[in-house]
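There are 2 protein chains.
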Amino acid sequence: MTGPRITPLVASLPATVPFVGPDAHMRASGRPFRARLGANESVFGPSPRAIEAMERAARDVWVYGDSESHALRAALAAHHGVPMANIAIGEGIDGLLGLLVRIMIAPGDAVVTSDGAYPTFNYHVTGFGGVLHKVPYRDDREDPAALAERTAELGAKLVYLSNPDNPMGSWHSARVVTGLLDALPEDTLLLLDEAYIDFAPEGTAPAIDPDDPRVIRMRTFSKAYGLAGVRVGYAIGASPLIALFDRIRNHFGMTLTGQAGALAALADQDWLAQVCAQVSDAHDRIAAIAEAQGAFALPSATNFTAIDCGGDGALARKVLEGLMARDVFVRMPGVAPLDRCIRVSAGRPEDLDIFAEAFAEALAEARG
Amino acid sequence: MTGPRITPLVASLPATVPFVGPDAHMRASGRPFRARLGANESVFGPSPRAIEAMERAARDVWVYGDSESHALRAALAAHHGVPMANIAIGEGIDGLLGLLVRIMIAPGDAVVTSDGAYPTFNYHVTGFGGVLHKVPYRDDREDPAALAERTAELGAKLVYLSNPDNPMGSWHSARVVTGLLDALPEDTLLLLDEAYIDFAPEGTAPAIDPDDPRVIRMRTFSKAYGLAGVRVGYAIGASPLIALFDRIRNHFGMTLTGQAGALAALADQDWLAQVCAQVSDAHDRIAAIAEAQGAFALPSATNFTAIDCGGDGALARKVLEGLMARDVFVRMPGVAPLDRCIRVSAGRPEDLDIFAEAFAEALAEARG
Numbered sequence: 017m018t019g020p021r022i023t024p025l026v027a028s029l030p031a032t033v034p035f036v037g038p039d040a041h042m043r044a045s046g047r048p049f050r051a052r053l054g055a056n057e058s059v060f061g062p063s064p065r066a067i068e069a070m071e072r073a074a075r076d077v078w079v080y081g082d083s084e085s086h087a088l089r090a091a092l093a094a095h096h097g098v099p100m101a102n103i104a105i106g107e108g109i110d111g112l113l114g115l116l117v118r119i120m121i122a123p124g125d126a127v128v129t130s131d132g133a134y135p136t137f138n139y140h141v142t143g144f145g146g147v148l149h150k151v152p153y154r155d156d157r158e159d160p161a162a163l164a165e166r167t168a169e170l171g172a173k174l175v176y177l178s179n180p181d182n183p184m185g186s187w188h189s190a191r192v193v194t195g196l197l198d199a200l201p202e203d204t205l206l207l208l209d210e211a212y213i214d215f216a217p218e219g220t221a222p223a224i225d226p227d228d229p230r231v232i233r234m235r236t237f238s239k240a241y242g243l244a245g246v247r248v249g250y251a252i253g254a255s256p257l258i259a260l261f262d263r264i265r266n267h268f269g270m271t272l273t274g275q276a277g278a279l280a281a282l283a284d285q286d287w288l289a290q291v292c293a294q295v296s297d298a299h300d301r302i303a304a305i306a307e308a309q310g311a312f313a314l315p316s317a318t319n320f321t322a323i324d325c326g327g328d329g330a331l332a333r334k335v336l337e338g339l340m341a342r343d344v345f346v347r348m349p350g351v352a353p354l355d356r357c358i359r360v361s362a363g364r365p366e367d368l369d370i371f372a373e374a375f376a377e378a379l380a381e382a383r384g
Numbered sequence: 017m018t019g020p021r022i023t024p025l026v027a028s029l030p031a032t033v034p035f036v037g038p039d040a041h042m043r044a045s046g047r048p049f050r051a052r053l054g055a056n057e058s059v060f061g062p063s064p065r066a067i068e069a070m071e072r073a074a075r076d077v078w079v080y081g082d083s084e085s086h087a088l089r090a091a092l093a094a095h096h097g098v099p100m101a102n103i104a105i106g107e108g109i110d111g112l113l114g115l116l117v118r119i120m121i122a123p124g125d126a127v128v129t130s131d132g133a134y135p136t137f138n139y140h141v142t143g144f145g146g147v148l149h150k151v152p153y154r155d156d157r158e159d160p161a162a163l164a165e166r167t168a169e170l171g172a173k174l175v176y177l178s179n180p181d182n183p184m185g186s187w188h189s190a191r192v193v194t195g196l197l198d199a200l201p202e203d204t205l206l207l208l209d210e211a212y213i214d215f216a217p218e219g220t221a222p223a224i225d226p227d228d229p230r231v232i233r234m235r236t237f238s239k240a241y242g243l244a245g246v247r248v249g250y251a252i253g254a255s256p257l258i259a260l261f262d263r264i265r266n267h268f269g270m271t272l273t274g275q276a277g278a279l280a281a282l283a284d285q286d287w288l289a290q291v292c293a294q295v296s297d298a299h300d301r302i303a304a305i306a307e308a309q310g311a312f313a314l315p316s317a318t319n320f321t322a323i324d325c326g327g328d329g330a331l332a333r334k335v336l337e338g339l340m341a342r343d344v345f346v347r348m349p350g351v352a353p354l355d356r357c358i359r360v361s362a363g364r365p366e367d368l369d370i371f372a373e374a375f376a377e378a379l380a381e382a383r384g
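Protein sequence lines correspond, in order, to chains A and B.
Residue numbering for the first sequence follows the working numbering, beginning at 17 and increasing consecutively.
Residue numbering for the second sequence follows the working numbering, beginning at 17 and increasing consecutively.
Keep in mind the hints are simulated off the structure, nothing from the lab.
Incorrect hints may have been included.
Unchecked claim - Cβ-Cβ distance ranges computed for the label pairs, FRET-style: (1) Ala31/B x Pro201/A: 25 to 31 Å; (2) Pro201/A x Pro152/B: 47 to 53 Å; (3) Glu169/B x Arg43/A: 45 to 51 Å; (4) Asp76/B x Pro24/A: 39 to 45 Å; (5) Glu169/B x Asp262/A: 32 to 38 Å; (6) Pro30/B x Arg72/A: 56 to 62 Å; (7) Arg72/A x Pro99/B: 50 to 56 Å; (8) Glu165/B x Gly19/A: 20 to 26 Å; (9) Glu218/B x Gln290/A: 52 to 58 Å; (10) Ala90/B x Gly195/A: 47 to 53 Å; (11) Ala283/B x Arg383/A: 47 to 53 Å; (12) Gln285/A x Gly350/B: 54 to 60 Å; (13) Glu337/A x Gly350/B: 27 to 33 Å.
By construction, the Cβ of each residue, glycine as well, lies at the ideal position given by its N, Cα and C atoms.
Construct the complete structure from the given sequences, taking the supplied hints into account.
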């Protein structure tokens with residue numbers, strides 16, 4: 017039997033995944049995590065109002081969710097002071113990244129990002145046949161000047177910037193981001209991934225005209241809002257671009273539960289502020305834990321902290337393995353020199369107690 | 017400003033959607049539906065065990081759902097007696113249709129379906145640049161002989177059959193489906209959409225070797241299981257084809273809530289049987305309602321009934337408009353001669369009381 021004829025593009029794709037999920041790690045070890053600090057989830061949970069809304073939704077799930085996510089888009093439009101026509105909803109930023117790449121990238125098209133930046137974006141670019149061009153980080157931050165230069169050289173259609181950054185937790189001021197925008201060729205689209213913006217200091221999120229055709233911003237309910245498990249992200253961009261999502265997306269793909277949860281979560285900004293305060297406390301604690309072992313924590317505008325273990329990638333890898341062996345879930349950057357660090361999500365005090373002990377042991381072991 | 021450079025393919029796509037959602041209809045009228053019988057949702061709801069599981073999940077949604085949907089795939093594998101490697105999970109059949117088309121169809125590739133069959137499949141084929149070739153229904157059923165003939169003529173990669181059928185509710189025996197499979201070119205893939213199979217009589221679902229590379233079957237928790245609002249579908253196919261979904265899908269796209277709900281729903285087969293009994297009662301009632309007005313109901317192996325209004329498409333369209341004006345949500349087939357019918361989802365007795373009155377009025381009005 018010959019089997020189905022798949023496209024040459026899909027046949028060429030590697031059988032790798034952007035991330036091995038926490039559940040897969042637990043299945044491999046046969047044990048639950050004692051502290052789950054690897055996926056930048058919010059262990060502080062979502063607003064109790066969001067939980068209530070999702071509990072109520074559980075009885076109503078015989079109906080499809082609104083295919084236009086109208087109530088949620090209207091609330092987001094009001095929240096951001098932009099028209100609804102400038103907002104697209106998707107199954108997390110991951111889902112929106114796939115759609116945006118599909119809208120823009122044909123086989124052979126050049127795309128620019130940073131070496132070590134978000135793997136799932138790269139996965140989608142590769143998946144649609146795009147050619148990734150990567151510029152190095154500079155001083156543990158994505159490098160706007162290098163991104164602009166490489167983009168201009170290539171005439172690239174699309175350039176990716178995460179601000180604040182994942183996996184380092186670093187960030188640029190709003191002024192630097194708008195400077196990048198002005199430095200890019202006029203027909204290049206800046207994909208500004210703001211998954212972690214809720215944790216960033218004032219002055220990080222630029223004021224951008226929502227109808228500026230040069231940029232699309234993406235945000236999520238998976239991080240500060242604590243709703244990773246119901247998959248809700250959104251994009252803010254010029255309405256002609258936003259309208260294109262409707263030509264290709266899975267129209268009934270947004271769950272009733274997720275829409276209800278996100279709507280309630282958005283309305284509870286007090287909860288968000290409280291989570292951000294807890295994350296700030298966690299940063300301080302993680303920094304102290306690192307310092308106590310002669311390592312150090314990088315500044316962070318996110319809900320995670322990169323800890324420089326004080327050696328190279330091999331040392332950090334050993335520390336990570338030691339933590340995982342102790343059922344403490346963390347991750348680490350994929351490329352040098354970022355990979356001298358491990359990446360630890362903000363935890364509750366009890367999570368960080370477990371981390372502190374395991375980190376001390378793992379680091380001592382790794383140092384031999 | 018020039019704006020972003022989108023692909024010629026996406027630029028060529030029409031700005032239409034496969035279905036206007038029920039919520040959009042309600043926003044347009046400004047009133048809620050009195051009976052919601054248009055989207056083949058299960059008004060009988062999901063298993064109470066599924067509701068409980070989703071209520072519990074509401075507290076846990078700060079974590080991402082398992083990116084491998086391992087527990088659900090394992091349960092489905094046991095349920096169907098096939099290996100896990102033969103099962104892919106997706107955001108409803110709609111999501112899986114998009115992925116399968118992406119795996120197989122490059123611009124210009126021929127795809128065969130029936131004229132009047134599921135629009136969302138067509139939407140995805142068009143979305144990836146495929147060229148649809150449609151054969152007519154025969155006696156209100158998809159026509160396997162015509163599908164096989166057209167597929168062979170074209171050397172088409174992919175052919176779609178829904179069994180039982182939507183929008184007519186008709187069906188073929190398992191023997192006819194396997195006959196189609198044997199009549200197709202060996203390197204054509206049969207996409208067998210079994211969204212409604214849970215309602216069909218014994219002998220409708222063919223026994224197919226899960227490793228048969230000539231066919232992929234798709235099923236859903238949105239219909240008989242009553243979980244439309246959490247988006248869970250699955251495909252059963254040969255493991256090399258199933259593995260390709262992992263190269264392109266949104267790996268963290270399945271919600272925690274949906275996975276928990278589907279797992280609990282699958283375990284409650286008694287609930288499923290009870291829903292099917294209620295659907296059977298609804299068919300009888302809808303047939304009686306139609307007959308009382310001099311119309312008649314077509315036989316159905318689904319959770320909806322096509323009612324032949326006794327005229328042409330224009331008459332049925334008036335009946336549909338009359339029902340919608342009375343806040344009774346139904347739909348109708350899109351092409352002649354199927355469009356002499358309206359399509360009414362199975363309802364509870366109280367839903368069908370409302371339908372009965374509105375249908376009598378709408379039909380009388382339409383007849384003038």
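Hints, one by one, checked against the model:
1. The given range of 25 to 31 Å is respected by Ala31/B and Pro201/A, whose C-beta atoms sit roughly 28 Å from each other.
2. The hinted window of 47 to 53 Å between Pro201/A and Pro152/B holds, with their beta carbons roughly 51 Å apart.
3. Separated by about 48 Å at the C-beta atoms, Glu169/B and Arg43/A satisfy the suggested range of 45 to 51 Å.
4. At roughly 42 Å, the beta carbons of Asp76/B and Pro24/A sit within the given window of 39 to 45 Å.
5. Hint check: Glu169/B to Asp262/A, Cβ distance near 34 Å, so the stated range 32 to 38 Å holds.
6. Pro30/B and Arg72/A have their C-beta atoms about 37 Å apart, which leaves the hinted 56 to 62 Å range violated.
7. About 38 Å separates the C-beta atoms of Arg72/A and Pro99/B, a value inconsistent with the hinted range of 50 to 56 Å.
8. Under the hint 20 to 26 Å, the C-beta atoms of Glu165/B and Gly19/A, about 22 Å apart, fit the expected range.
9. Restraint check, Glu218/B to Gln290/A: a C-beta distance of roughly 57 Å satisfies the suggested window 52 to 58 Å.
10. Against the hinted window of 47 to 53 Å, the Cβ-Cβ separation of Ala90/B and Gly195/A comes to about 51 Å, which satisfies the hint.
11. The given range of 47 to 53 Å is respected by Ala283/B and Arg383/A, whose C-beta atoms sit roughly 49 Å from each other.
12. Checked against the hint of 54 to 60 Å, the C-beta distance between Gln285/A and Gly350/B comes to roughly 45 Å, which is inconsistent with it.
13. The hinted window of 27 to 33 Å between Glu337/A and Gly350/B is violated, with their beta carbons roughly 57 Å apart.
In this structure, the earlier hints numbered 6, 7, 12, 13 are contradicted, and the remaining ones agree with it.
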